[in-house]
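**Q** Each chain, written out:
Protein chains: 2
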Amino acid sequence: MGAALIDGKAFAAGLRGRVADAVPAFAAAAGRAPGLAVVLVGEDPASAVYVRSKGRAVEEAGMAGFEHRLPADTTQADLLALVATLNADPAVDGILVQLPLPPQIAEDAVIAAIDPDKDVDGFHVVNAGRLATGQAGFVPCTPLGCLMLLQDRLGSLKGLEAVVIGRSNIVGKPMAAMLTQADCTVTIAHSRTRDLPGIVRRADIVVAAVGRAEMVRAEWIKPGATVIDVGINRIDAGAGKTKLVGDVAYSEVVDVAGAITPVPGGVGPMTIACLLRNTLVAACRRAGLAAPEGL
Amino acid sequence: MGAALIDGKAFAAGLRGRVADAVPAFAAAAGRAPGLAVVLVGEDPASAVYVRSKGRAVEEAGMAGFEHRLPADTTQADLLALVATLNADPAVDGILVQLPLPPQIAEDAVIAAIDPDKDVDGFHVVNAGRLATGQAGFVPCTPLGCLMLLQDRLGSLKGLEAVVIGRSNIVGKPMAAMLTQADCTVTIAHSRTRDLPGIVRRADIVVAAVGRAEMVRAEWIKPGATVIDVGINRIDAGAGKTKLVGDVAYSEVVDVAGAITPVPGGVGPMTIACLLRNTLVAACRRAGLAAPEGL
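Order-wise, the sequence lines are chains A and B. Numbered per this note's numbering, the first sequence spans residues 1 to 295. Numbered per this note's numbering, the second sequence spans residues 1 to 295.
For reference, chain A alone in the conformation it holds in the complex (with noise of 0.2 angstroms):
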């Protein structure tokens, strides 16, 4: 058990501590509260349960919250309408549309009519482009959560090394940008990589988020390095249970890397913490007043 335990719980907290700090100069600069609109289509279980942590977290952070429940069969014409009528809400800084969406909605569209300087998930092109050209926009908010730990775990990444495993829209490609950003020197690592072991084996830093249990192992691991774990996989604990486990084999990599978060407890607080966040930038952004520091 030799390696530090990233405790993201922690981190997250107090990134919503400072959120909330920052949130009655934002108000009485702007004559209103930062404002995150929510959209939930349908009743998937998952779903409704992050939208009400959600809820929560804006309202304990002293934000107003605007929450959209549509029906399960809402057509994509009235999703686009009420993303419109948010877009030109005054009140309105942040929207988030909870996905997956129902089939009859194209997800893609949906995203694309978000304002961008509201696309407070980071999911909008023009953020992936602006991310990509090194442009000020939002990031999506897991990749996010783990350049914060990294750089409060080690300060300046400069001239590390970094492997990425896992290239997906939301998590690997834009963690890559942002590792590469910030004078890493980024390797993006997939399903077609050959001898992946050896070539994690090279990283200061390992970012895993490919969805698979416990995929990543402790020889994979260069002694001492910097672990930072996406996944959530729930598997069968055996007498009818299950568990959460991540990509990583945590119980045999503890031993091996310098420092781990852990699943739960690691990335996942931190998506919900840098949601607050975004939106707090976005509203000091549209408001134009300059973003607190230390966000």
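In case anyone wonders, no lab produced these hints; they're calculated from the structure. Glycine is no exception: its CB is placed at the ideal position from the N, C-alpha and C atoms. Any given hint could be a false lead.
List of simulated lysine to aspartate or glutamate pairs, EDC-like, C-alpha gap at most 20 angstroms [unchecked claim]: (1) Lys158(A) with Asp152(B); (2) Lys9(A) with Asp73(A); (3) Lys222(A) with Glu214(B); (4) Lys222(B) with Asp195(A); (5) Lys158(B) with Asp195(A); (6) Lys243(B) with Glu214(B).
Every beta carbon over 12 angstroms from chain A, so not counted as near; a handful from chain B, in silico [as the list claims (entries may be wrong)]: (7) Ala81; (8) Pro174; (9) Asp183; (10) Arg212; (11) Ala291.
We have chain A already, so just place chain B on it with the hints.
**A** Just chain B now, kept in the frame of chain A:
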């Protein structure tokens, strides 16, 4: 002299020929030739040479060229007004504003003003975002040319290890995104990379795009690797003369690599060929026609 020569000049001529061959069918279906507008502001001699070459290539391909030469003291507002006119002109499929622009004009603002669907240079943030997220768009001509040369030489790139040296928005970053999409395992190296020789030595594919004359040496190259040299550097050749060299020390790397692009005659000629290709593709998309195969 072991390495095969990757003859970009010949490949570019072939591509230009295939584009030219496809123009009559487009013109028959659309009732007009594909059109490229090229805008030159000021008298920069190198830019004037590029613009002339592009104009000649457009003409040779049977396309319609629209050249706009503006004085060096053109205001940003006047240039933006011209871009808006070209955006609205149905005869214009592609818009290229030759960079660099005079200091009174913000390049970012001009690029952002171009209709992304006419942005055949692939510099618009929306096209950077489309590339980053795997959507159809326009990718910058130079890395597109590199990819074509690699695929022509190697066939499938799946599982190959690629190292891109340089992280510019115009070459390095889009090149890395394209190679990732082609299923390579990609590392982006740059000025902050530690042990650059060791990292380059891992690569089956090396793309050098740093702008430092002959920086990449023979001992950096894995025997048999494919080396793409994007650099064009003018150096002192003694006796008051100069010569063009790449970022790769060609005379020594040629003994180690499996294949290599020369400078000049490698990547350089591909850029204009890919500009023509992008213009034809833009024209087909705007006309609702399928782009020809094999481009």
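**Q** Evaluate each hint against the coordinates.
**A** Status of the hints after comparison with the structure:
Annotation: proposed proximity of Lys158(A) to Asp152(B) is violated, straight-line Cα distance about 36 angstroms (limit 20 angstroms). Straight-line distance between C-alpha atoms of Lys9(A) and Asp73(A) comes to about 36 angstroms, which puts the hinted pair past the 20 angstroms bound. Taken as a hint, the Lys222(A) and Glu214(B) pair is broken in the structure, with Cα atoms around 33 angstroms apart against an allowance of 20 angstroms. Note on Lys222(B) and Asp195(A): the hinted pairing holds, with a Cα-Cα distance of about 17 angstroms set against a maximum of 20 angstroms.
Restraint check for Lys158(B) and Asp195(A): satisfied, since their Cα atoms lie roughly 13 angstroms apart, inside the 20 angstroms limit. Proximity of Lys243(B) to Glu214(B) is assessed by CA-CA distance (about 12 angstroms); at most 20 angstroms being required, the pair is judged to hold. For Ala81(B), the shortest C-beta to C-beta distance to chain A comes to about 23 angstroms, beyond the 12 angstroms cut-off, and the non-interface label holds. The claim that Pro174(B) is not at the interface with chain A is violated, since a C-beta of that chain comes within 12 angstroms of its own (minimum 8 angstroms).
Non-interface status of Asp183(B) relative to chain A is broken: a Cβ of that chain comes within 12 angstroms, the nearest being about 4 angstroms off. Residue-level check passed: Arg212(B) sits 17 angstroms from the nearest beta carbon of chain A, beyond 12 angstroms. Remark: the non-interface label on Ala291(B) is consistent with the geometry, its nearest Cβ contact in chain A lying 21 angstroms away (cut-off 12 angstroms).
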